[in-house]
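Student: These protein sequence lines map, in sequence, to chains A and B. For the first sequence, the residue numbers in our numbering are 1 to 348. For the second sequence, the residue numbers in our numbering are 1 to 255.
These are computed hints drawn from the structure, not numbers from a lab. Glycine residues also receive a C-beta, built at the ideal position from the N, C-alpha and C atoms.
Simulated restraints, written as ranges between beta carbons of each label pair:
1) B:P19 x A:G37: 33 to 43 Å
2) B:I31 x A:E110: 42 to 52 Å
3) A:S23 x B:R252: 17 to 27 Å
4) B:S17 x A:A161: 21 to 31 Å
5) B:V231 x A:E67: 33 to 43 Å
Sample of chain A residues lacking proximity to chain B, with all beta carbon distances greater than 10 Å (derived):
6) M1
7) T15
8) D213
9) A242
10) V252
11) R275
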Amino acid sequence: MITVKELTRKYARITAVNHISFSVAKGQIVGFLGPNGAGKTTTMRMLTCFLPPTSGTATVAGFDVLEQSLEVRKHIGYLPESPPLYQDMETTDYLRFVGRLKGMAGAELEKRVDYVMGRCAVTDVKTRLLGKLSKGYRQRVGLAQAIIHNPDVLVLDEPTAGLDPKQINETRALIKDLAGEHTIILSTHILSEVEQTCEQVIIINKGEVVATDSVVNLQARARGVETVVLEVAAAPGAVLDAAQVQQRLSQVPGVAQVLVKGRRDGAAVFETESRKGELKRGDLARAVIEAGWDLNEMRPEAMSLEEIFLRLTGSEAAMEPEVRLEEGSPGEAAAQPEIAAAEKEPQA
Amino acid sequence: MRNIWIIFAKEMKSYFSSPVAYILLTMFAVIFGFFFWNMVGFFVIQGAEMMASGQMGQMNVNEQVIRPLLGNASVLGLFFIPMITMRLFAEEKRNGTIELLATSPVRDIEIILGKWLAAVGLYACMLLFTAISFAFLFHYGNPDWKPLAVGYLGLLLQAGGLLAVGTFISTLTRNQIIAGAATFGVCLMLWVFAWVSGYDSSTWATVLSYLSVVTHFDSFGKGLIESKDAVYYLTVIFLGLFFTARSMESLRWRS
Ligand SMILES: Nc1ncnc2c1ncn2[C@@H]1O[C@H](COP(=O)(O)OP(=O)(O)OP(=O)(O)O)[C@@H](O)[C@H]1O
Ligand SMILES: [Mg+2]
Numbered sequence: 001m002i003t004v005k006e007l008t009r010k011y012a013r014i015t016a017v018n019h020i021s022f023s024v025a026k027g028q029i030v031g032f033l034g035p036n037g038a039g040k041t042t043t044m045r046m047l048t049c050f051l052p053p054t055s056g057t058a059t060v061a062g063f064d065v066l067e068q069s070l071e072v073r074k075h076i077g078y079l080p081e082s083p084p085l086y087q088d089m090e091t092t093d094y095l096r097f098v099g100r101l102k103g104m105a106g107a108e109l110e111k112r113v114d115y116v117m118g119r120c121a122v123t124d125v126k127t128r129l130l131g132k133l134s135k136g137y138r139q140r141v142g143l144a145q146a147i148i149h150n151p152d153v154l155v156l157d158e159p160t161a162g163l164d165p166k167q168i169n170e171t172r173a174l175i176k177d178l179a180g181e182h183t184i185i186l187s188t189h190i191l192s193e194v195e196q197t198c199e200q201v202i203i204i205n206k207g208e209v210v211a212t213d214s215v216v217n218l219q220a221r222a223r224g225v226e227t228v229v230l231e232v233a234a235a236p237g238a239v240l241d242a243a244q245v246q247q248r249l250s251q252v253p254g255v256a257q258v259l260v261k262g263r264r265d266g267a268a269v270f271e272t273e274s275r276k277g278e279l280k281r282g283d284l285a286r287a288v289i290e291a292g293w294d295l296n297e298m299r300p301e302a303m304s305l306e307e308i309f310l311r312l313t314g315s316e317a318a319m320e321p322e323v324r325l326e327e328g329s330p331g332e333a334a335a336q337p338e339i340a341a342a343e344k345e346p347q348a
Numbered sequence: 001m002r003n004i005w006i007i008f009a010k011e012m013k014s015y016f017s018s019p020v021a022y023i024l025l026t027m028f029a030v031i032f033g034f035f036f037w038n039m040v041g042f043f044v045i046q047g048a049e050m051m052a053s054g055q056m057g058q059m060n061v062n063e064q065v066i067r068p069l070l071g072n073a074s075v076l077g078l079f080f081i082p083m084i085t086m087r088l089f090a091e092e093k094r095n096g097t098i099e100l101l102a103t104s105p106v107r108d109i110e111i112i113l114g115k116w117l118a119a120v121g122l123y124a125c126m127l128l129f130t131a132i133s134f135a136f137l138f139h140y141g142n143p144d145w146k147p148l149a150v151g152y153l154g155l156l157l158q159a160g161g162l163l164a165v166g167t168f169i170s171t172l173t174r175n176q177i178i179a180g181a182a183t184f185g186v187c188l189m190l191w192v193f194a195w196v197s198g199y200d201s202s203t204w205a206t207v208l209s210y211l212s213v214v215t216h217f218d219s220f221g222k223g224l225i226e227s228k229d230a231v232y233y234l235t236v237i238f239l240g241l242f243f244t245a246r247s248m249e250s251l252r253w254r255s
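Just chain B, with the same shape it has in the complex (with noise of 0.2 Å):
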């Protein structure tokens, strides 16, 4: 438990004392607050379309503005993580600091899981500026805020999974550009599967966006924590890591 704390401490420390975190979090807000404009501004004018057709009553901040930023947000976050978690494993690689990790008495598992929880950690950060939005809205407005809270989980939980892939892809190189590129072909990949099941129902298609990350994260936006969803994401962090500690061990046999 120690072990992993000071893991966590030393990345989380490095993010903030680099740019990068700054970088990425400057971004990810403004990207995430156009977005935000864009879907307010639209609900206010359908509003009052409405209002003045006389149909009032069907206007909903949970399902018209919340909703579709939880999903918009859930794939922004595929092109935050490779950035997140390039670095974690290559650059030690590259620094020669492996070496110190892997000499001192702390196990593989306890530096995976530091690593691992530092760069939820940061991505937690990010959604920190998705909550100063919505916080907005309830200034001004009354939505509901369990579905948002379930929401978040299942951002927390869809990325937990990306970021264990990807940290495993950062422990299989020295250059973290590769293992960002590889890393983002990946999350590109686990988005895009999601499509095929709109105009194909063959078994290969039902396979494919059953193992996209987007299709499990719909239930979470509606704010309904799906058991099979929660399974899914949790079983991908579960590989991501084991893979992950597979990989450092075979460092040792290989290098």
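Just chain A, with the same shape it has in the complex (with noise of 0.2 Å):
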């Protein structure tokens, strides 16, 4: 239904989409994940039309985007960033001019006006004016707008930002609904928005796709590897010297590297990451206690699509900057992650 190959946009100065190219299957959900500027605004906004890309190619229901625009255009439903609302229209009166937009008419539009409003939970402000909606309302107008014309593609810049937890379900649970009759492309920087609702995942940074996969398989990666929570204390009297631990615990067969999580008075908490089953856990307790420390605490803990995310777009330094020590081991931060070795590198 979509496919995208070698798609690039610059801007004046910079490279907002370098390169990227994906496809998408008919009747399918699809999130496109990464954080801010990571190009996916820019990504939708050539795929509906509004944005000419700089090279490259993206066909949408088979029709190519710079030569059959109009057709393009025809097929796709399209909710951006900011509903495209006229503050001084009626509810009703805007969804029938953009039915009129998109090609319908008569009693064909009036059914379905009725319908889409029911559809997206506004038939309760019909007769407002849509500047005076609430951010909730404006959003769910935004998707009535995008579905109007039964488009064959929907495409959806962040429709869950800004609504409060109830809407955000609601609005997840309609955009699954829609997706039996919609090929769906839903852009996101929330990674359990994707979980829940997507069934392809294509994460984007920098202008770049890092990973595109699906759901089911990223889970499968992450349950893929195994990691270790442990508490180090030292011995009474004596003082703790955490480089010292980190670099004992890495020479553990299996290990494939370790990670000072935080410190408490005389001891520290460490992380180790393995591939699942490479590692023996007796083996880690075995090397602390023989080497005269004391282990209070160890748990193994699986590794949720956030890390993988956070990995794969580098950014796990400025989401978490409270679990990073000031004095970092020299070779944490050269490790590369495995999950990110194994996929493309993503860029530093």
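Take the two lone chains and join them into the complex the hints point to.
Tutor: Structure follows, in structure tokens:
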């Protein structure tokens, strides 16, 4: 339904989207995931024919966005980042206007307006001025206008931004519900949103695709890595040398890397990473005890999608400053996370 | 065609669902009414004086009331045109609704024509008020209607050109005030260019006065359709709309 090849978009100085390629099959619901400024909006604007690409091609519903732009626009419903509402129009009039723009008329249009208002739960504001609606209603009217002409492809730019938790859940349910009839591509920087609503995920960072995979696969990949959290304390009266502990732990067979996660008085918390099944937890415990330290706590931890995302986009440091140590060990920064190494190298 | 109509209807509705249209219409009606009252009053006094000195037969409503009033309406229009066009594209850009228009299956030219025609439509509504005043003349006197009709055609052509220029300027910014002020500046310049021909007859002055929108109105005011003046207005309309189209295109490339 959507095929993107080597799509590139440059603004005056920066390259917002850099040679990205991906494709979306009919009826799929795909999450376009990336941190702020990754190029999500820019890509969506190219797919909807709002911006022409600098180079590369994109086809939507079999039509080229540059050559057959009018056809593409007939088959696409688009919810931009900020809903495109006319402040001085009433909800019903607005939806009628958008419907006419998309080529509908008469009784068919009236029926469809009623239908989408019900579907997006905006019937109770049908005679209100759009300029006076709350953010949540504005977003829902925006969604209603995107689906008014029953398009094959829906492009939704951060459809849940600015909604309260209840509305977020309702909107996600609605999007999931729509997935049967439409091919949907939605952008977000919230990972759980992708986990809950999407089948496929495209992770984009600094204008480049860092990973495309099914959500199921990504979750499996997350489960493929084992992390163990240990709290190690010095023997009574002694001082703990965190770097030394880290050094010792990384020598245990199967351990891929060791991170220092935090310190409490006289003790420190470490996290080891390894591939599933390659590490015996007994080895870790023995290494600590034999070196003369105390093992206060040891527990396995599943790696969340969140962590995978942060690793792939290389923004871990920015997102979790509090767990970073002032004097991080030398190995820590240099070590490439295993996940990322298996995938395409993230841009530093 | 259908799409032009959809955009036109939406713009018209938007003018009349906000105070904009009513304020413009009222202001225009009041100011024009003042001109009318002035002109008719002057005409009546002049008539009385002439009757007293026994020189009858030289009074002509068309020449002495209608023609100067049409001239006034043409200049008055220059002040109202920026207020009509300033919002056309600037508002869409500010609200983000341009993203809806530009991603709908509608050609740029249809959007532009729809908006421009709506602007012309609102201007035509303002002219309707002047028609009410003129109706009095027909009730009490017996003026010739043909020069008046030609005068209206001239007013519409002149406004059409300036409205096209205003539409173009509105695509250049997302700030309505800037669009309005710039359009006003251009309108004013196209008016005052006519003045130079009064004291200067060099090539430059001729060119400047040719560029002025008001000089081309004279013939229409007299009730004559001069093809060179009609061509001038049609050219301004075409160029204005053409540049609007180019600007919309480059909007996509730049934004
Ligand atoms: N009109 C523009 N002119 C110049 N640069 C732009 C323009 N629009 C976006 N950019 C730049 O392009 C890059 C990608 O922006 P984009 O809006 O596509 O990101 P995004 O993934 O949608 O981010 P967000 O999550 O914040 O919405 C950013 O660095 C941004 O500053
Ligand atoms: Mg964005």
